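Undergrad: The chain contents come next:
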Amino acid sequence: MQTLSDDEDLIRAAQSGDMASLEILLDRHHDRIRAVCARVVGNHADADDAAQMALISIVRNLERYDGRAKFTTWSYRIATNAAIDELRKHKRRPTSSLDDEDQHFEPVALGNMADATAARLDVNDGLDQLPEEFRMPVILRDLCGLDYDQIAEVLEIAPGTVRSRIARGRGKLADLIGSISPDGNQDATGGVQGTDHDH
Amino acid sequence: MTTEFDDELLSAVLDGEADPQTVAAVQADPDAARRLAALEAASALVATPPAPATPERRAASIAAALAAAQPAPEVSSLSVARERKTAAAAPRRRQVNWLAVAAAFAFVLISAVVITGIVGSNSADVVDTAADASDDAADAVEEVAEAAEESLSADSATMAESATADEAMEEAMDDEEAMEGDAMEEEAMEEDAMETEDSDRETAATTTTTQRLSAEPFATNNLLLLEEAIDLGVVVPVLRPTDPELLSVVNPECLNPELPPDIDQFAFAELGEFAPPPQLVVVQFDPFDPSQVILIFDAEDCTPVG
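From first to last, the protein sequence lines are chains A and B. The opening residue of the first sequence carries number 0 in numbering that gives the first Met the number 0; numbering runs sequentially from there. The opening residue of the second sequence carries number 0 in numbering that gives the first Met the number 0; numbering runs sequentially from there.
Fair warning: there could be bad hints in the mix.
[What the hints assert, rightly or not] Straight-line C-alpha distance at most 20 Å; calculated SDA-like pairs for lysine to any residue:
(1) A:Lys69 to B:Leu258
(2) A:Lys69 to A:Leu154
(3) A:Lys88 to B:Leu223
(4) A:Lys69 to B:Pro260
(5) A:Lys88 to B:Leu231
(6) A:Lys88 to A:Glu131
[As the list claims (entries may be wrong)] DEER-style ranges, computed between Cβ atoms:
(7) B:Asp297 to A:Pro130: 30 to 40 Å
(8) A:Arg87 to B:Asp300: 27 to 37 Å
(9) B:Arg33 to A:Arg87: 21 to 31 Å
(10) B:Glu55 to A:Glu7: 26 to 36 Å
(11) B:Leu231 to A:Asp26: 21 to 31 Å
(12) A:Pro158 to B:Leu258: 16 to 26 Å
(13) B:Gln26 to A:Lys88: 43 to 53 Å
These aren't lab readings, by the way, just hints derived from the structure by calculation. Quick caveat, the model's predicted, so the values are computed rather than measured. Backbone N, C-alpha and C fix where the C-beta goes; we use that ideal spot for every residue, glycine too.
Make the full structure from the sequences, and use the hints.
TA: What follows is the structure, encoded as structure tokens:
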């Protein structure tokens, strides 16, 4: 007997007006949508707002979803759009101290020396120093685990461009990690200045 | 670094996208291996999952999305959509109303000063100045309203937490009923405005009471109001790139041939309702995310608008 277990079943039922299926679908995908929003906008309050807007957008457009793209790919596209919208909206309004508190350190459990330095770098601070065109592919690759073709579909750019942008984004982050001294401070010459690795 | 391998190649190795020979060569090169480790650390940093939403906030987001699944009335307009948006944000309404009252009062006051100025002098310069002042006043009203909306958006989470989807819908319906009287009053004002052909923005916004969610052009006075209508969901994609209705007015060369042919992604709009002939424009939406506008362009010469 087939159960309402996979996304396609849930989507079909939701498109037919089954609210219970819609709720399961949203519940199932909320966390990954919210995660990508969090990494794009860099703080929890805006991430929650962006995730909510993404879910609403998914609901409003679900009728048009025809299954040609995977639901996860489709919904990542909506999530990244919502997060970028939120980011731009946020840039237009003053940052409150609460937002600063949100930028808390998120510990990274990693092994070697380079990773130990990486652990001193706040993820959001690091990503915040990347241009948007580098940040998005890196997030979709490293956080969401999408392959180059899927990222190309989400961002509407060529797979070759995805590959080079991921490399440049990671390269800049690696340089930033390299500029962090063992006591956790950033070298005066550090940051994401152009290096040999920039192309 | 002296390695012959650049970040793009090393990154491809990291992602399993490089051939075995390249992988072996990278592993044999100490500099390349070191850089690969640095890239891997950067990748692992980004892969760290962010802290999740609180259970309350998570539930509120899902409830808000479920509430959005409720069917909306077929016929809409800017004024109705604005009312609906206000109704959906019921708990924050009190603040909106105070600001709206203040804005309206300011507008009336400024208009009175302007009219007094006109009556006091017949010179054309004064009339021009008065018209400019009137536009400025309308702008000020819009800015106040926008500021009110922005200041209130922060409260949306609280609103979502405090009401279930059903309660929110019920409240919205009650609000719509309560607003019917106001709407009739507004319509009477709109008729007066049309008679005098006053083209200020607020008037234009409230004279679009018969727009429908169809391929009919959405008629409005300017781009700002069109963008608001898009934002409020009054203008939505209703045409496909192959629709004869679209091709009859738009040069096909303006349409990217790679657009998916069977997805609604365009809408028409007429700008300059009170300044004929209106400019027919095409709103192009993202075919995979119809809430996003890619471009608004002139239907005749395809130049971007705005």
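Undergrad: Now tell me, hint by hint, if it's right for this structure.
TA: Evaluation of the provided hints:
1. Of the supplied pair hints, the one linking A:Lys69 and B:Leu258 holds, its CA atoms being roughly 18 Å apart against a limit of 20 Å.
2. Distance check on the hinted pair: A:Lys69 and A:Leu154 sit about 14 Å apart at the alpha-carbon level, within 20 Å; holds.
3. With a C-alpha separation of about 17 Å, the suggested pairing of A:Lys88 with B:Leu223 holds against the 20 Å cut-off.
4. For the suggested pair A:Lys69 and B:Pro260, the alpha carbons sit about 19 Å apart, so the restraint of at most 20 Å is met.
5. Our distance criterion of 20 Å between C-alpha atoms is met by A:Lys88 and B:Leu231, whose separation comes to about 16 Å.
6. Taking the CA atoms of A:Lys88 and A:Glu131, the gap is about 15 Å. The hint holds against a cut of 20 Å.
7. Judged by the Cβ atoms, the range 30 to 40 Å given for B:Asp297 and A:Pro130 holds: they are separated by roughly 32 Å.
8. Taken as a hint, the range 27 to 37 Å holds for the pair A:Arg87 and B:Asp300, whose Cβ atoms sit roughly 29 Å apart.
9. Taking the beta carbon of each, B:Arg33 and A:Arg87 are about 38 Å apart, not inside 21 to 31 Å as hinted.
10. Checking the proposed 26 to 36 Å range against B:Glu55 and A:Glu7 shows it holds: the Cβ atoms sit about 31 Å from each other.
11. Evaluation of the 21 to 31 Å hint for B:Leu231 and A:Asp26 yields a pass: the beta carbon distance comes to about 28 Å.
12. Hint check: A:Pro158 to B:Leu258, Cβ distance near 20 Å, so the stated range 16 to 26 Å holds.
13. Here the CB-CB span from B:Gln26 to A:Lys88 is close to 46 Å, well matched to the stated 43 to 53 Å.
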